[in-house]
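Colleague: Spelled out, the chains give:
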Amino acid sequence: MNYKTLIGLEIHAELLTNTKIFCSCKNEFGADVNTNCCPVCLGLPGSLPVLNKKVLEYAIMAGLAFNCNIARHTKMDRKNYFYPDLTKAYQISQYDIPLCENGFIQIEKEDKTTKNIRIRRIHIEEDTGKSLHDTSGDTLLDYNRSGVPLIEIVTEPDMNSPEEAYKFLEKLKEVLLFTGVSDVKMEQGSLRCDVNINVVREDGLKSNIVELKNLNSFKAAVKAMEYEIKRHIDLLESGQNTVRETRRWDDSENRTISMRSKETVQDYRYFPEPDIVNINISDEFIENVKKSLPELPDQKRERFIKEYMIPEYDAKILTSSKELSSYFEDIVKLFNEPKVVSNWIMTELLRRVNDEGITLSDLKFEKEDFADLLSAISQGKINNNAGKKVFRAMFETGKKPNEIIEQMGLVQLQDENEIKQIIISVLENNKQSIEDYKNGKQRAFGFLVGQIMKASQGKANPQIVNSMLKEIIDNM
Amino acid sequence: MDLHKMTIKQISEKIKNREITALELTEKMLEKAKEIEKKVDSFLCITEDVAIEQAKKVDKKIANGEKVSSLAGIPIAIKDNICTEGIKTTCASRMLENFIPPYNATVVEKLNKSGTVLIGKTNMDEFAMGSSTETSAFKKTKNPWDLNKVPGGSSGGSASSVAAGQVFCSLGSDTGGSVRQPAALTGIVGLKPTYGRVSRYGLIAFGSSLDQVGIFTKDVYDCALVLKEIAGKDDMDGTSSPIEVPDYTKFLDGNVKGIKIGIPKEYFAQGIDEDVKKAVLAGVEQLKELGAIVKEISLPHTKYAVATYYIIAPSEASSNLARFDGIRYGYRTKEFDSLDDLYIKSRSEGFGEEVKRRIVIGTYALSSGYYDAYYKKALQVRTLIKQDFEKAFEDVDVIIAPTVPNVAFNFGEKNQDPLSMYMEDVCTIPANMAGVPAISIPCGFKNSLPIGMQIIGKHFDEATVLKVAHAYESCGDFKDKRPNL
Amino acid sequence: MVDKSTIQNVAKLAKLEFREDEIDMIVKKLDNVLSYVKMLDEVNVDNVDITYNPIDLKNAFREDNVGKSLDREKVLQNAPDKEMGCFKVPKVLD
Ligand SMILES: [Mg+2]
Ligand SMILES: [Zn+2]
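Quick mapping for you: the protein sequence lines, in order, are chains G, A and P. The first sequence begins at 1 in full-length UniProt numbering and counts up by one. The second sequence begins at 1 in full-length UniProt numbering and counts up by one. The third sequence begins at 1 in full-length UniProt numbering and counts up by one.
Just so you know, not all the hints are guaranteed correct.
[Said to hold, decoys possible] Here are the simulated DSS-like cross-link-like pairs (lysine-lysine), alpha carbons at most 30 Å apart as the crow flies:
#1 G/K26 / G/K291
#2 A/K386 / G/K79
#3 P/K58 / A/K110
#4 P/K12 / G/K79
Derived by calculation from the structure, the hints in this document are not laboratory data. Remember, predicted model here, so these are calculated numbers, not experimental data.
Let the hints inform the model, and build the full structure from the sequences given.
Modeller: Right, dumping it as structure tokens:
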């Protein structure tokens with residue numbers, strides 16, 4: 001029988017504020033242990049939280065980018081539980097009135113049709129500290145991360161395959177990056193994703209929902225989901241069912257492992273946080289956030305196609321990051337042939353950037369240099385092949401393109417007399433090829449062009465070579 | 001007059017006129033405080049070194065001709081649930097027996113700037129839970145008027161230290177009456193300001209939506225002086241109010257002509273001692289003679305206040321006290337075989353009985369299945385109690401009622417039945433529920449024990465409360481009465 | 001009204017433990033309080049808002065400016081156990 005998969009996601013993203021959510025300690029990854037701590041984030045007796053306004057702005061920005069309704073009256077709540085990384089033994093979070101509700105993210109499926117994945121809510125809350133382990137197995141606590149602002153994004157179970165979940169996550173990540181709300185680095189833990197998954201058989205039989213945690217990458221998430229779908233179906237087929245539980249993905253064993261049963265539901269004893277007064281969000285506040293909202297990837301993609309007349313394929317790649325899209329637009333401003341710029345970026349530039357594992361901000365040459373190179377090619381000063389050589393040198397040394405062209409002697413040979421001399425001397429040494437060409441062998445012509453280019457050390461203008469060669473042979 | 005029986009105003013004059021140096025005063029007061037301490041046990045620790053250092057600083061300033069505040073050089077005490085940097089702050093609990101805060105509460109910062117001299121940290125009910133100071137893990141504080149009686153609580157040590165003349169002023173905290181009730185029982189002035197008037201930053205939380213730092217002094221003028229110094233918006237406390245702080249002493253002109261006083265009939269109902277009622281009403285009569293207008297009013301939801309309080313305060317406390325888990329600070333059990341064992345043993349051994357009982361009540365009221373019936377319901381009834389006050393204050397400027405149903409009681413008298421102890425706060429709890437300011441001032445004696453009159457005001461209208469209190473105090477007979485120790 | 005097992009569950013949530021005789025005492029005292037609190041049943045609270053802060057204050061925010069943190073020595077000054085700049089607890093089992 002057929003099965004339908006239901007996947008819902010719960011994502012925690014750290015916000016890129018300067019300071020923590022309730023105190024003025026630095027929000028910083030990788031500092032010395034327990035150096036970004038104060039009475040507030042340590043939960044010392046007597047300390048009180050004061051909400052960072054930027055956290056509201058960023059969370060609303062994410063909410064707007066994901067098409068959510070923004071609450072006008074909201075509050076913070078306490079979620080009570082004991083854990084060593086939670087300094088107050090309660091997390092200040094939001095319970096019944098989340099800041100953002102009822103949004104969606106549009107994904108594109110394999111068959112190119114689109115689908116909306118509903119977002120149930122986005123709320124703000126504080127992160128916990130970090131547990132480390134010493135050699136004897138004891139737990140050591142570093143509270144630098146305690147109080148770092150988070151948004152928790154909860155979707156409806158609208159994804160029907162791991163691929164859809166993957167696309168959703170990619171899209172979510174892209175938008176969070178574009179808005180500058182989070183740096184979404186899974187390996188640093190600034191983006192964390194939990195999965196709720198189960199399957200429904202066509203006759204209505206359902207497996208119990210299982211929660212998957214400790215997913216360290218999108219790939220791990222996909223693998224874990226694939227593994228679970230098979231496990232759920234196998235169990236149902238054999239007349240059994242899954243247990244309501246939390247499982248984690250084990251990368252080395254390539255399987256999910258049970259962490260704890262969900263039979264005994266945690267009682268978090270949520271109640272309104274009395275230390276934080278009511279939050280009222282005005283139209284004006286939301287308007288200001290809206291104004292500061294940058295162009296989102298989808299909008300940018302469409303604009304690129306229209307404004308620069310480039311294919312959708314190009315537009316997609318060029319808008320895959322904020323950095324790349326503005327790099328493209330900056331070059332086009334200097335050299336107004338968008339398709340040429342796009343080709344060069346997608347092939348020569350991105351290949352080298354990816355090979356080297358660097359970012360655009362690490363490039364040794366200036367944008368002006370790139371534009372100068374493209375102008376030199378289009379003006380025929382050098383040919384395309386020489387251009388690639390120049391580009392490589394620019395990439396490696398950061399030298400100006402004209403300097404490289406001079407040094408490498410790559411200036412294109414345009415002088416018709418000089419080219420004619422070369423053609424004549426090549427033809428004298430290749431009489432057989434002239435015969436072949438005249439007998440209808442087109443390949444012989446190409447061979448001759450290659451010989452001429454070689455004789456000119458690659459500098460002859462290929463168009464001139466082509467037309468002149470044809471003319472000379474035809475007149476022979 | 002003996003130095004230790006003077007008020008801040010009187011002693012401050014002497015310091016400014018250079019009749020006495022701050023150091024001389026401090027040394028004399030330390031000596032006196034230690035002598036009296038043998039009888040009353042107000043303090044959990046006496047901070048002699050700190051006091052001397054602070055006094056010297058004040059003297060240096062005066063010698064340099066710098067302007068100093070009216071509180072400069074004044075010996076004070078602070079309740080041991082208010083954080084003092086580098087000085088143990090225990091909440092009178094084994095849990096925090098060795099806790100040394102790395103920071104000062106905002107009120108402590110402010111007083112330090114004013115040049116006060118810290119004589120010591122005062123005894124209290126453990127984590128401020130109680131009305132007699134008997135739940136302290138360390139000692140019993142006695143009522144200076146009768147050493148066999150309790151001083152009230154939870155700020156019993158702060159109250160007795162002022163009443164006995166060990167210091168001129170002390171800070172306490174008031175969640176359900178913990179400043180006003182001991183002030184009444186020890187015959188001094190005790191003010192609970194409006195919620196949000198004084199920063200709570202550094203006050204170790206009990207019931208976060210009810211707690212407020214309060215002031216004990218010998219008279220109303222001193223109280224006004226101190227309030228001016230500690231009140232105001234604090235960036236570290238998001239629940240503190242930006243409303244401007246006036247110079248409260250300017251309102252103490254004795255003129256109450258035309259001021260409307262409401263007498264809530266619910267506060268004079270059964271359960272209130274007849275002599276207490278009489279004394280309070282006699283006080284009201286005196287204000288009437290001064291030109292105040294008196295009318296009977298009703299605060300119909302008063303009878304639900306205690307029930308509401310005994311859900312809200314323990315609920316908030318159960319959450320506030322969860323951080324005491326033996327990991328970052330505070331008591332950790334000696335032997336444990338797992339993390340959970342560490343949690344459970346540390347907390348069970350570190351907290352006293354009353355504290356644990358309230359944590360259980362609060363945890364129960366917040367747990368799933370009970371939240372709506374208890375916690376949510378209590379927060380709704382709280383709204384009605386608050387609305388009672390709002391309605392009443394449309395017609396009157398202040399409300400006058402007894403502070404406590406009776407006078408000081410014997411040690412052990414109310415320990416067995418928690419409800420009888422809770423009833424100590426029946427007249428004081430409503431003001432915490434509504435967040436309004438209220439003061440207790442002495443208005444009589446019964447069996448040589450002081451009786452307290454409570455004056456309740458509108459949100460942020462401490463000025464009128466102090467004005468009325470001062471007018472009464474000036475014409476009454478109780479201002480200069482001091483216990484003989 | 002309240003039974004022992006309820007109290008035991010609540011104690012577990014609050015990370016407390018009680019001896020048998022203590023439990024009996026707590027059951028009794030909690031019953032006492034709960035029967036007193038029962039008087040709230042007679043109050044009609046339909047359409048009444050909750051009050052979790054008694055004064056009408058809204059939107060108390062801070063700006064996103066970095067301030068001073070504590071020196072690590074002070075961070076750890078009250079720690080019952082510490083190691084390598086961190087607070088130390090027995091192994092956390094998940
Ligand atoms: Mg969360
Ligand atoms: Zn901090």
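Colleague: Below or equal to 30 Å on CA atoms is what counts here, so check G/K26 against G/K291.
Modeller: holds (27 Å)
Colleague: Tell me if the straight-line CA distance from P/K12 to G/K79 falls inside 30 Å.
Modeller: holds (16 Å)
Colleague: Between A/K386 and G/K79, is the straight-line Cα distance small enough, at 30 Å or below?
Modeller: Answer holds: A/K386 to G/K79 is near 27 Å, not above 30 Å.
Colleague: Against the 30 Å threshold, does the CA-CA distance of P/K58 and A/K110 hold or violate the hint?
Modeller: Holds, at about 25 Å.
The structure meets every hint from the earlier list without exception.
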